[in-house]
Amino acid sequence: MMMRGLGRGLGFWIGAAVFIALAFAMALTIRNEYAFFAGFVVLQFIVLATAWNILGGYAGYVNFGTSAFFGVGVYTAVFLLKAVAAPLWIQIGVAALVGAALGLGVGLLTLRLRGIFFSIATVAITIIAETLITNWKFVGGATGVQLLRPPVTSPFDSYNKMLFVLAAVMVVIAVALARHVQNSGIGRGLRAIRDDEIAAECSGVPTLNLKLVACALSGALMCAAGAPSAMYLQFADPVSAFNLNYSVSALAMSLIGGTSHWIGPVLGAILLATTQQLLTVTISSEINVLVLGVMLVLFVVVAPEGIIGLARKVWRLVRRGAP
Amino acid sequence: MFSWELLLDAIVLGTMVGCFYAAVSIGLSISFGLLDVPNVAHPALLVLASYGAWLLGDFDIDPILAGLLLMPVFFVLGIALYRTYHETFEKRGSDAGVRGLAFFFGIAFIIEVGIIMAFGVDQRTVQAFYIGKSIEIFDIRIPMRMVVAFAMALLLSLALTFYLSKTFLGRAIRAVAQDEGALRLMGADPVAIKQWAFGIATAVVALAGALLIIVQPVEPTLDRAYIGRTFCVVVMAGLGSMSGTLLAGVILGVAETVVLTMFGASWAPAISFTLLLIVLGVRPQGLFGR
Amino acid sequence: MKSGRIHRRTAVAGALAAGLAFPVLAQQGPIKIGMSMPLTGGLAAGGKSALIGIEVWRDDINAKGGLLGRKVELIVYDDKSSASETPAIYSKLLDVDKVDLLFAPYATVPTAPIMPMVKQRDLLLMGNFSFQVNRTVKHDKWFNNAPWGPADSWARGFIDLGMKAGAKTIALIGADQEFAQNLMKIAKDVATEKGIKIVYEQSYPPSTVEFSAMVRAIRAARADMVFVCSYPPDSVGLLRAINEIGIGDSVKLFGGGMVGLQFSSVMESMGSLLNGVVNYNSYLPEKSMQFSGTTDFFAKYQKRAGEAKVDPLGYYLAPFGYAMGQMVEQAVNATKSLDHKKLADFLRSNEMMTIVGPIVFGPDGERKESATLMAQFRGVTDKNIEQFRNPGKQIILFPEKWKTGELVQPFEKARK
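Protein chains in written order, with the working numbering: chain A, 1 to 323; chain B, 1 to 290; chain C, 1 to 416.
Just chain A, with the same shape it has in the complex (with noise of 0.2 angstroms):
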């Protein structure tokens, strides 16, 4: 038992470190930009929605405030750069100890609100996080700011290849955390909570601090996600780094892709943000929306547990015809 988790494990650690040298490795060889610029923003989502899943998927707290954490991830990088130029890990790490901060503080939230309350407590937050932004002359206010990169450092021969494999890596760190949280007694504690948070608490799980741990972890990862964003753009605006699309993409992705197991909410980022970034580039219109509309009801329709439970039910059809 115990080899075979080890085991399970070392295949994870594995695949990661081969993810790693794959992006690294395309870095290196691929002269065509495009593929970072649409991969970076395929990443950002994988990261987006692995942090929404800890709490919405494990703890069945739904946040709606993922742009909030998101436009705040974006204006702490924005902010370090203004005042001390700070260099991007460090608006980075500084992003992730501000969304874990934060989360923390929806964290209490949760004390008193549950399901829909909660969710529509963090819709006030998103309004009065980008109110505050809007309102801050020194990160650039309604007006926006334009940023500008510093020279990117070798052996990358660009800054969005650089920008690719920090997602990468942001992407692995993300996912280890989030099936960490799922393997341990982190993730019990939460799936009690989302089945029935009176009898877990009854029973002596200690539902408060996992659910402030779930928060502070899924807020830092979603301010990290935000944080290189400053600089992929190079511009920011309080309309753009609050958008609404945050929210709505990392909810769908994960719902699409299966809430119950990591894999989940990145094979439903992985899906949702390759045929938006497709779609953008070949019909390019309004259908980019009906798509997601028509994506969105069809799978809680005809397969809520998402790609994951298809994958199952396929599984389990196949074993048994099999002799």
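Don't take every hint at face value.
As the list claims (entries may be wrong) - On the chain A side, residues computed to face chain C include the following (Cβ under 10 angstroms):
| no. | residue |
| --- | --- |
| 1 | A38 |
| 2 | V41 |
| 3 | T134 |
| 4 | L148 |
| 5 | R320 |
Just so you know, the hints here were simulated from the structure itself, not pulled from any lab data.
Cβ coordinates follow ideal geometry from the N, Cα and C atoms, glycine included.
We have chain A already, so just place chains B and C on it with the hints.
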């Protein structure tokens, strides 16, 4: 530059605006407040109704009348929506919350795109004799369209309060909100009642949509601005309270307008949503909740 | 609805038809011009109109045999009015589609993120109605088709008009969004410089529903001029509230930077409420603004726009999309090349004739001299879109060279 006169103006106007907020939220107060359906497509339906009123305006039909004409259509639409929701989520039982939310988001996007494809992205307004005029009450000039919105909101919430407390079906709806099982034991079909109630909630949206286009110009993605606002009103009110919805709307409207006049309009959204957070933190069942 | 693919298909069809006439040259393949355009989201109404202007140019140039004997093909992707979409789109255009020339998307926000990118790659970018987007980046191959000119000329035009009418105080209101805030700040600076007293200043969030309270506060401030920087929904809301509440007799001049009053749907629905407002514009069908090709262009534009349910008048953006093409056309024909440096040199140092008048660029890639109009709505009636096709409905007060009338003031009198 403080003046009592401006403050008074702001309070009177804020009340009007607040009543308008209540009118656009009251359908949600039934569908979400009483029936527990996470209907985030509510604002999209609202905008759809506005476009309906705009379309009928081409035939010189008054927007309010257009709203009334649209009510049966929206009633049927509401029933169809609830049927789908019930068959796919409520019947299957647990965990309807997140998926239901996603479902209605999907519906909202589909409505948005549908409007764009049918009517284009241009901003639309309607004409009516009460748009562009004002009346004077206590030395304060008030736009007539706000008075219309105010009156409609009062009428709507009164009618619904009456309906829910005095009629048989209305009482059944409240009963289904409180204890579905008990109703079933008494031999009533809770699903049929909820379906009826959702139909009414959606029909009310038709009228509210007409109010929306009377008060402000409408464009296909306007619904996004109203997601926060309508849920804020309903939750602040306490789920399912019609008079509470009216009061919560007024509190929001007055807070926003006073901040806008006296302090700085930029801060208005932050103020109203901080208010919501405080209410949620102190009294999660809402100001006027059960 | 109809974007990239369909447009390209028609371009290819056109190329095929013309290819029969010029069999040798057509073999070289088309010249590809790439851009993103807001076709969905908040800026879509403008984006769609601007795109039709560019398409009319493409068809005109292809009917003439193309550029350097090659057909012109447009590659257009939807940026959803958002800044976060454009970097990937322009990278696709450059690295995958290998376009020869770049046009910027309509408006400032989607353009902002691609400015550093074109500077790093040292590419020519034709701007499309963005405002002061080159201020921090300082790219030397940026040329904006908009008539704005120097940053402060816009507010200066308005305030000068007011001062001539004897105004000494000003009220400033603006939406909390990028363009409006930029403009408001500039107006504030100009007012301070000219010794005009600012008696009221207010920014409001874009989600504001009702403006009566704000109009009352403005009236209480008794300003001589009211400079408004608003977006389409608030422009309508403000004008309605003014009509209902009244702005007071002190106001001589009202308007300035109200976005939306240039769009057909808004103009039609506002009708007589527009009268008296002095607002900025880019192009108007006044007698002083008839240039070579103008009439012809609008005939073609209006036919297409009607079919596509896009702004039926199209004065504000579409002719500048066409002019953008004309400038490129003149640069390419003069330099006989697609080399971005040569083209930029030509654009920087020559006067180009377009359907919106002659264009000369300053060192920052904006117009050397402002051609932003300040025009007053007069004698507008309700529910009539056709009236705006005739001269006399929007009297040009500024700049002098295109002036078609005098200011009527005070505002309340001009409204009647």
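Verification of the supplied hints:
1. The beta carbon of A/A38 is positioned within 10 angstroms of a beta carbon in chain C (closest approach about 5 angstroms), and the interface hint is therefore held.
2. Here the hint on A/V41 is kept, as its CB sits about 6 angstroms from the closest CB of chain C, short of 10 angstroms.
3. Contact between A/T134 and chain C, as hinted, is supported at the beta carbon level, the nearest pair being about 5 angstroms apart and thus within 10 angstroms.
4. Because the beta carbon of A/L148 sits about 6 angstroms from the nearest beta carbon in chain C, less than 10 angstroms, this interface hint is met.
5. The restraint placing A/R320 at the interface with chain C is violated, with a minimum CB-CB distance near 44 angstroms, outside the 10 angstroms limit.
Hint violations for this structure: number 5 only, all remaining hints satisfied.
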